[in-house]
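Residue numbers (our numbering): 1 to 159.
These are calculated hints, taken from the structure and not from any lab test. Please note: incorrect hints may appear among the correct ones.
To be verified - Between beta-carbon pairs, the in silico distance windows are:
#1 13 with 124: 21 to 31 Å
#2 33 with 78: 52 to 62 Å
#3 91 with 2: 33 to 43 Å
Being a predicted model, the structure only gives us computed values, none of them experimental. C-beta atoms are modelled at their ideal positions from N, C-alpha and C, and glycine is treated no differently.
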Amino acid sequence: MRWINTLDRAIQGIVLLLFSALLLVVVFQIVIRFLPVTVLWTEEITRYLFVYTIAFAAPLALYRKEFIKVDFIYSFLSAKQRAVYETIVHTLIGIVAAYLVVEGINFYLLGTFFSSPASGIPMQYVYAAVPVLGLLLLCYSVLFVISQWTSTNIEAGEK
């Protein structure tokens with residue numbers, strides 16, 4: 001499925017941009033410490049960039065099967081048992097992700113009344129990371145479960 005690979009590359013590009021921006025702000029923050037100038041917004045921006053980097057990178061790790069997992073029991077399972085186990089795990093991830101989407105939208109709406117103290121960014125933009133994370137995790141979890149039990153294989157690395 002070509003669109004999944006396109007989504008994967010787009011998210012990878014977003015993660016690269018966010019992490020690059022995070023590094024630039026941190027380097028700027030370090031350089032500024034040696035000057036007689038105080039810049040208050042760098043800590044906030046660094047934190048928000050980190051949150052968004054995680055919000056986009058975690059679903060990418062799920063898609064590529066790069067999440068940390070304990071595979072002691074997993075290694076003793078047969079191929080069919082592994083498929084059932086992975087389906088259960090991804091279904092649970094999907095349930096949690098759906099919860100993140102619903103509650104993340106409520107959290108986003110709460111942010112309309114607040115702005116960050118130093119940078120003045122409306123907090124709704126910061127809080128939007130929660131439903132974005134949930135939506136992407138839900139998407140990849142559903143795609144994995146579908147691919148697990150159909151002939152369509154959409155796993156990372158297989159094209």
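Fill in: Violations among the numbered hints, reported as their numbers in ascending order
3
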